[in-house]
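S.K.: Modelling step: build the complete structure from the supplied sequences, incorporating the hints.
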Amino acid sequence: MKLLKNKKFWAMTLGVTLVGAGIVAIAASCSNSTVKSKLSNQFAKSTDGKSFYAVYEIENFKDLSNDDKKSLSNIEFNAALTSAENKTESTLEKGHLVGEKIYVKLPREPKPNEQLTIISKSGLIKTSGLLISDNLNYQTEKVNFEAASAPSQQPSPTPAPKTEEPKENGGSEQQADQPENSKKDDVVASGVKISEVKNNTATIEVTFSKFELADANKKDFVLEVIKKADTNPIQASDLKYDEASKTLSGKLSGLNSNVDYEISKLTLNGKEVKFNEEELLKSYVKNAKLFMTFNKENKKINVKLQNFDILNSLEENQPILTFDIEIKKDSSLQVVHKSLTKNQLSNLNGLEIDLKDKMNGNNANYDVKLTNAKLLNVNIETQK
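Counted from 1, the sequence shown has number 699 at position 14 by the working numbering; the numbering is strictly sequential.
Bear in mind the hints are in silico, worked out from the structure with no lab data behind them.
Treat the hints with care, as some may be off.
Across the chosen pairs, the derived CB separations fall in these ranges [as the list claims (entries may be wrong)]:
1) 758 x 932: 30 to 40 Å
2) 928 x 957: 36 to 46 Å
3) 928 x 1066: 24 to 34 Å
4) 734 x 1041: 20 to 30 Å
5) 732 x 941: 49 to 59 Å
6) 821 x 1045: 33 to 43 Å
Just so it is clear, CB atoms sit at the ideal spot from N, CA and C, and this is done for glycine as well.
M.R.: This is how it looks when you write it as structure tokens:
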């Protein structure tokens, strides 16, 4: 069973996948978004040659609503470049919508054989990755966003002071109290956990990184999931919020195996609850397991990624895992850098990597280990 978020309610996708008798929570960017985007293999340069951009092509731009088009011009992107030496540099910038393309500023000039990963803060644009080829190329047209965003040097007119008329019945006091009365709920969720399914029932937990209420005594949560192509939602019951851990927990009943569901609603006091996509991604990487075994007989290592069900939601050839293989013999050390794609990691039995060309002799005693492993540019430890 897979549980996904309906884009109508959340800015990013949530999900759970049935694994045996258990459910694992997953996150992926906007699988239900109305925006169809593609990360181009062409980059863009600024007119002064000092800034570099990745380019998203919006494939269905003409079919989007005016609200969606407006949202595309206000998206922040986390763009990260990982070098062949497994060093990552990143930047957080607002994208630039020009025609049917979005330009995302990179932390520096991209180079061949580097990994590019881009995460949309809004979720409208899907998380994308690209292994930069030797034939790195740029579009002919250069851009000049720095000049467009530079502040104007013209002096701003000084507004005339407002003259307020006295109001009856303590009007000025009422105005002073207005900010307090207009205080709103401000909550941000950062993680989701789903328990093991028993008798078609599971416990769901949502954790919050920020939880501020206008009225501390008013906490009315609604959480619903719906089967894809169905119209009857399943509402979570026994919803309880624990202030100490900032965690909302509840029960989901009537869940079926091998069926896709969507989280169609998560609200607090009638307002949509938003997720911090970066923190949520980190929480799922933390749950993932990376295993490496070394076979001295055939001089191969086996790399296996488990408990990372977001894998199925990523692009087929998207590079998502980078690591170094350290091969040590006596005082000699060799380091091999690897970047693996979704397809390479999809095999449940793991991926074999042959190291024969790095090892001499049949009975040589080599020490092999994985280091500097990053999953979607988030550090992940190798399990022994």
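S.K.: Tell me the numbers of any earlier hints that the structure contravenes, in ascending order.
M.R.: 2, 4
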